[in-house]
Amino acid sequence: MMAGVEPEGGAGAAAAGGGGERWRAIGRSVLLTLTPVVLALVVAGLILVAVGVDPLTYYAYVVDRGLFSWLGLQETITRMAPLLLLGASLIVAFRAGIWNLGIDGQFLLAAVLVAALAPPMAQALPQWVVLPVCILVAAAAGAAWSLLPALLKAYQQVNEIITTLMMTFLGTSFANVLVKLFFRDPDTTVPQTRTLPVEDRIPRLFDTTINSGVILALIAVLVVHVVMTRTAFGLRLRTVGANPKAAVHAGLSVPRLTVATFAISAALAGAAGAVEILGVWGNVRADWNPGYGLAIIPLVFLARFNGYAVIAFVFAFSVLSIGGESASRRLGVPHFYILVLVALLLIFLAMVEYIDHRRRQAKSVS
Amino acid sequence: MARDSAAAAVDSEDAAAPVSAATVELRGITKRFPGVVANQDVDLTIRPGEVHALLGENGAGKSTLISMLAGLLQPDEGEIRVDGRSVVIDSPRRALQLGIGTVFQHVMLVPTLTVAENLMLGGPWWRRPDRDAVVRRFTEMAAAFGIDVDPDAVTGQLSLGEQQQVEIIRALWRGEGVLVLDEPTSMLTPKGIERLGALMRRLTARGIGVVFITHKLKEAFDFGDRVSVLRLGRMVGEIPPETLRGLDEKTATDRIIALMFGHPETPEADTPVERAAAIEGGRMTRRNPVDPRAPEVLAVEDVTLERPEGRPYVDGVSFAARRGEILGIAGIDGNGQKQLAEILSGQRRPDRGTIRLDGRAIERLGVPERHKAGLRYVTDDRLGEGTVAPFPVELNLVIKQIGEPPFWSGGMARAGAIQDHAEDLVEDYDVRTPSTRTPIGRLSGGNIQKTLLARELHGRAKAVIYNKPTYGLDLNNIRSARARIRDAADAGVATVLISTDLDELMELSDRIAVMLRGRLTGIVDNGPDARRRIAELMTGVDRP
Numbered sequence: 339m340m341a342g343v344e345p346e347g348g349a350g351a352a353a354a355g356g357g358g359e360r361w362r363a364i365g366r367s368v369l370l371t372l373t374p375v376v377l378a379l380v381v382a383g384l385i386l387v388a389v390g391v392d393p394l395t396y397y398a399y400v401v402d403r404g405l406f407s408w409l410g411l412q413e414t415i416t417r418m419a420p421l422l423l424l425g426a427s428l429i430v431a432f433r434a435g436i437w438n439l440g441i442d443g444q445f446l447l448a449a450v451l452v453a454a455l456a457p458p459m460a461q462a463l464p465q466w467v468v469l470p471v472c473i474l475v476a477a478a479a480g481a482a483w484s485l486l487p488a489l490l491k492a493y494q495q496v497n498e499i500i501t502t503l504m505m506t507f508l509g510t511s512f513a514n515v516l517v518k519l520f521f522r523d524p525d526t527t528v529p530q531t532r533t534l535p536v537e538d539r540i541p542r543l544f545d546t547t548i549n550s551g552v553i554l555a556l557i558a559v560l561v562v563h564v565v566m567t568r569t570a571f572g573l574r575l576r577t578v579g580a581n582p583k584a585a586v587h588a589g590l591s592v593p594r595l596t597v598a599t600f601a602i603s604a605a606l607a608g609a610a611g612a613v614e615i616l617g618v619w620g621n622v623r624a625d626w627n628p629g630y631g632l633a634i635i636p637l638v639f640l641a642r643f644n645g646y647a648v649i650a651f652v653f654a655f656s657v658l659s660i661g662g663e664s665a666s667r668r669l670g671v672p673h674f675y676i677l678v679l680v681a682l683l684l685i686f687l688a689m690v691e692y693i694d695h696r697r698r699q700a701k702s703v704s
Numbered sequence: 002m003a004r005d006s007a008a009a010a011v012d013s014e015d016a017a018a019p020v021s022a023a024t025v026e027l028r029g030i031t032k033r034f035p036g037v038v039a040n041q042d043v044d045l046t047i048r049p050g051e052v053h054a055l056l057g058e059n060g061a062g063k064s065t066l067i068s069m070l071a072g073l074l075q076p077d078e079g080e081i082r083v084d085g086r087s088v089v090i091d092s093p094r095r096a097l098q099l100g101i102g103t104v105f106q107h108v109m110l111v112p113t114l115t116v117a118e119n120l121m122l123g124g125p126w127w128r129r130p131d132r133d134a135v136v137r138r139f140t141e142m143a144a145a146f147g148i149d150v151d152p153d154a155v156t157g158q159l160s161l162g163e164q165q166q167v168e169i170i171r172a173l174w175r176g177e178g179v180l181v182l183d184e185p186t187s188m189l190t191p192k193g194i195e196r197l198g199a200l201m202r203r204l205t206a207r208g209i210g211v212v213f214i215t216h217k218l219k220e221a222f223d224f225g226d227r228v229s230v231l232r233l234g235r236m237v238g239e240i241p242p243e244t245l246r247g248l249d250e251k252t253a254t255d256r257i258i259a260l261m262f263g264h265p266e267t268p269e270a271d272t273p274v275e276r277a278a279a280i281e282g283g284r285m286t287r288r289n290p291v292d293p294r295a296p297e298v299l300a301v302e303d304v305t306l307e308r309p310e311g312r313p314y315v316d317g318v319s320f321a322a323r324r325g326e327i328l329g330i331a332g333i334d335g336n337g338q339k340q341l342a343e344i345l346s347g348q349r350r351p352d353r354g355t356i357r358l359d360g361r362a363i364e365r366l367g368v369p370e371r372h373k374a375g376l377r378y379v380t381d382d383r384l385g386e387g388t389v390a391p392f393p394v395e396l397n398l399v400i401k402q403i404g405e406p407p408f409w410s411g412g413m414a415r416a417g418a419i420q421d422h423a424e425d426l427v428e429d430y431d432v433r434t435p436s437t438r439t440p441i442g443r444l445s446g447g448n449i450q451k452t453l454l455a456r457e458l459h460g461r462a463k464a465v466i467y468n469k470p471t472y473g474l475d476l477n478n479i480r481s482a483r484a485r486i487r488d489a490a491d492a493g494v495a496t497v498l499i500s501t502d503l504d505e506l507m508e509l510s511d512r513i514a515v516m517l518r519g520r521l522t523g524i525v526d527n528g529p530d531a532r533r534r535i536a537e538l539m540t541g542v543d544r545p
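Residue numbers (the numbering used here), protein chains in the order written: chain Z, 339 to 704; chain E, 2 to 545.
Just chain Z, with the same shape it has in the complex (with noise of 0.2 Å):
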């Protein structure tokens, strides 16, 4: 069903420039995008109704925590960090026609190493050494964990769905044996890594509890954005995810650019597993796996690998999820109802998407 989503900047993004048409285009996927938002909102809230809760009075208290109190406002864009660096590592992906469904594996396997790794580096080197070293290392981690499904679907065209997920299984379970068996900090009863103190963090932005890192994932995504869509080594990327036929007709070597794609991808997810730890945890306890990777994919769909698009849903995901958790204490809506708002936009995504390819096609034969 998802392959029916095109990316919206897949046709025209390499050429930036005026005229109407450009204009149309954008209007059509403002409403394309809007009009899931709008039908999720509304039937999740009429589920908020089912339930007993007043689906005004629950929006607006989300809304609230979310976004219009301080330090809810902290909280929902430190929440970002991690998530745009994921953000990131899927567009790369999914513009490359790569569905690399394994960031979780890889997400949770980079954080376990750099919570290995930070404390005791911190002990011996200055920070500005130990954070970029960690970050380095955190995406080594996860290009590593991507290498097997690269080189299955680079040379064996074996299906990277798949893959990717079996090794996330297999890489959630690896991080916990390595946080318990390896890592475990041994002055506390709980198994968890050692914790790196506050002060060897990545640095807080001014006067807040919002860690830096935010600024660096802003960054990736920007750049990823622009990689993608205007440059040689993007187009060659989005030339092979489009039709690899045709890339190989060009001239280009399909599984080298296979590889890298996963390559580039699967360390952006490691480096938002870095980022979570580096900046916000500062250790990984046994059995922590928050799933961002499994939240992140609707929302970059939704924004339709647009990378603008994926920081306003991604800023929007965190208001809700944030707001979300609040709301869930004080009116005894499950936390996971998040989850159910999301599903349905997914739902409604597909279905909008479905109704105007259709009307397009009608369009087309006429």
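Listed below are the simulated DSSO-like cross-link pairs for lysine-lysine, each with C-alpha atoms no more than 30 Å apart in a straight line: (1) Z:K583 to E:K339; (2) Z:K583 to E:K373; (3) E:K251 to E:K192; (4) Z:K583 to E:K463; (5) E:K217 to E:K192.
Simulated from the structure, these hints should not be mistaken for lab results.
Chain Z is already provided as a structure; the job is to place chain E on it using the hints.
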């Protein structure tokens, strides 16, 4: 071969079959796909009690035609009539209701189910399938058709021939009207082919009309009562039973070859054919003869591409094309032409052999380097390979130059340069597109081909390889594409023209080579005697 037309009477046992022995007519059927016209103005009549052999090469439009009979596709123009009544076949179910059963080239049975279970599929979901009734009917039909297959056998364990027989029974399950067999012999052993022939005769004896699709001349002659030939989406001729019966095998196959590969006497009165005829008659030459001392621009020596088993795809091919020369390569599809073109363009590495462009060895260069050096390739798969459908026209025009100046600088796209370049080419090559940003997949086949020609011919093209450059185009676009090819050659481009259309080769080429089973079996100078010699080289092995 006695045909019993009396058996065309309605079979009294056939209670479940309201339709029997229908005459199915296709009238003026046209079907277009993005990029190609698959069928153009096709007329075909399927008569009860007759095996109608439908011949044509790959891509001639046979599969499209039967997909419309089977209810999988709808014609864009024209109508289908059953017993004189105009019908719309909008689903496979409707086709079966009308008594039109189709057996596709590849087996469509569930291999893990038994024969009877396969036949029970497709009933209404709320009703429990009546196994006994199914087995009874299967046994009845099998006996009537002379088929011996156990209804309780697991389908995947049957031979391909037996599976095909099951499919034939399934196709006629709802009524013995018309049976369409899409290249049914392609997966059979010679023995199996014999058996299928006998089965078709028994079916026609019961009054069933059979459409027998093949690209093998001998089978068409052996099993067909009537032979029709599809070429490039058009019906180019039909040999009725009265005539066919009176011909011996040699004469009949000659007639069919003439239809398949074009013949000056075919009623197509368009310019290319007249030109080809005129060249053949020695009344005109293509243009000024190529200087025999002109330098060899593209020289290929001993190029070979092995295949894991069996004879090589391309086997020791050597030739040279001079400056301004058009060297045609004729041959039936699938004799290694595509692989040869891909080796020359740099998409594939040959196992051995040398390729020289202006004397410089280029076999180690990739596609972009060869493109830059002036070696260009116009692929036959213009939508599947030549272009990226969702990308705009302007990007497709530079897709072989990604990263190169002036369109990219420092790795960044220069949108203005790309657009200006596209606007120039769109105008020069008369590409009809709403804008240079329109996704190329939305253009017609003729305009996509113009875009490809623009991409490959612009700049300093020295040698161009065309693979079936006019396949699937309408007449106007065929004409303009051929004019481009000729003009480019006149301007000095060494041209290799791969085509299955002999008229095209005769019209354009200076010399014509014939490719058969990966080898170049001969090169003849184009002229009055060329057609006969090419047809011999081309079909020699296909003859019985």
